[in-house]
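Visitor: The lines below spell out each chain.
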Amino acid sequence: MKNLKNKYFINGRNFSCELKEPYLEDLIEIFLNKSSLKESKIAVAVNNQMIERYKWKKKKINFQDKIEIVAPFFGG
Amino acid sequence: MKSDYLVIDGKKFNSRLIMGTSLYPNLDVMNKSLEISETQIITVAIRRLNLSSKGFFLDQLNKDYYFLPNTAGCFTQKEAILTAELARETLQTNWIKLELISDKEMLLPDPIELFDTCKSLVKKNFRVFVYCSDDPILCKRLEDLGCEIVMPLVSPIGSGLGVRNEHNLEIIRKICSGKIFVDAGIGKPSDASRIMEMGFDGVLLNSSVARSLDPINMANAMKLAVISGRLGYKSGIIERRNMASESTSFKGKISNF
Chain A
1 MKNLKNKYFI
11 NGRNFSCELK
21 EPYLEDLIEI
31 FLNKSSLKES
41 KIAVAVNNQM
51 IERYKWKKKK
61 INFQDKIEIV
71 APFFGG
Chain B
1001 MKSDYLVIDG
1011 KKFNSRLIMG
1021 TSLYPNLDVM
1031 NKSLEISETQ
1041 IITVAIRRLN
1051 LSSKGFFLDQ
1061 LNKDYYFLPN
1071 TAGCFTQKEA
1081 ILTAELARET
1091 LQTNWIKLEL
1101 ISDKEMLLPD
1111 PIELFDTCKS
1121 LVKKNFRVFV
1131 YCSDDPILCK
1141 RLEDLGCEIV
1151 MPLVSPIGSG
1161 LGVRNEHNLE
1171 IIRKICSGKI
1181 FVDAGIGKPS
1191 DASRIMEMGF
1201 DGVLLNSSVA
1211 RSLDPINMAN
1221 AMKLAVISGR
1231 LGYKSGIIER
1241 RNMASESTSF
1251 KGKISNF
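From first to last, the protein sequence lines stand for chains A and B.
Numbering-wise (our numbering), the first sequence opens with residue 1 and increments by one.
Numbering-wise (our numbering), the second sequence opens with residue 1001 and increments by one.
No lab work stands behind these hints, which were simulated from the structure alone.
Among the hints, erroneous ones may be present.
Calculated pairs, DSBU-like style, for lysine-lysine (alpha carbon to alpha carbon, straight line, at most 30 angstroms) [stated by the list, open to error]:
no.: 1; chain 1: A; residue 1: 55; chain 2: B; residue 2: 1119
no.: 2; chain 1: A; residue 1: 7; chain 2: A; residue 2: 55
no.: 3; chain 1: A; residue 1: 55; chain 2: B; residue 2: 1123
no.: 4; chain 1: B; residue 1: 1078; chain 2: A; residue 2: 55
Construct all of the structure, not just a fragment, from the sequences and the given hints.
Guide: Structure (structure tokens):
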């Protein structure tokens, strides 16, 4: 297995990181700098499609994919 | 008066005031305003995670609330549905405040896109709280579609103009048998009170409190206005007449000079 340091596109910006295998959960963990995502009130879309949390582990990411990581925010 | 709960989706609420969480001068003022308002439901937006911010927005709330996530800023059905799905995933709620606007200047709802989007969201088992224009027929059609709460504006978002078309609101209240809130345009506590006196089920507001000089006191004023208006409505407001009707009887008057 080779290490890949590549650019991903998260929340409208390029994001570089090294991943053994480009799975969504690993990518989110690195992006958030957290080892456990259990408590994080976030949701994720890949290419404008919501990916349920239980699918993150097995969801492979391609380098062209557009990833959105969102959370509740102040709103009216 | 007997208990007068607001029941939404099988849940009972004491408060009929739904508060937004945006535009407050700071977190402390927001928390105190929410607390004094005694609101139980607050609206939140769904936005890209900002790693440079101090923490998660939800962690900064001092109390537990029911969350009503919104689709603020969405212009298309696709955007709104994805936002609703992300909201459901992150907050574990089927509730969604559907905002689907047509322009950035007036922030007016796009009724055609809105109607189709409501259809899709209802099919996907969302409880839709739909922000819409004050068109009685549109409100009725949205209600018939299965929206949980229909929420006509009284004037543009954040305008503070208050009720601009009372006649339309009266018709909406008359022809819609379900729950109707008013969302957007409230400026003064008397606006909120007036709406509740008309028999609306609740008031959703944000700017009128958050942008006031003293949001905490204004939140308190809005709470009292909503309670007062509701109590007035439930107590049976007298009919309006064009002519006077004496409150003191003429009977027994000493004489007619």
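Visitor: For each hint, tell me whether it holds in the structure or not.
Guide: Taking the hints in turn, this is what the structure says about them:
no. : hint          : in the structure
1   : A:55 - B:1119 : holds, 27 angstroms
2   : A:7 - A:55    : holds, 22 angstroms
3   : A:55 - B:1123 : holds, 23 angstroms
4   : B:1078 - A:55 : holds, 22 angstroms
The structure is consistent with each of the numbered hints, conforming to all of them.
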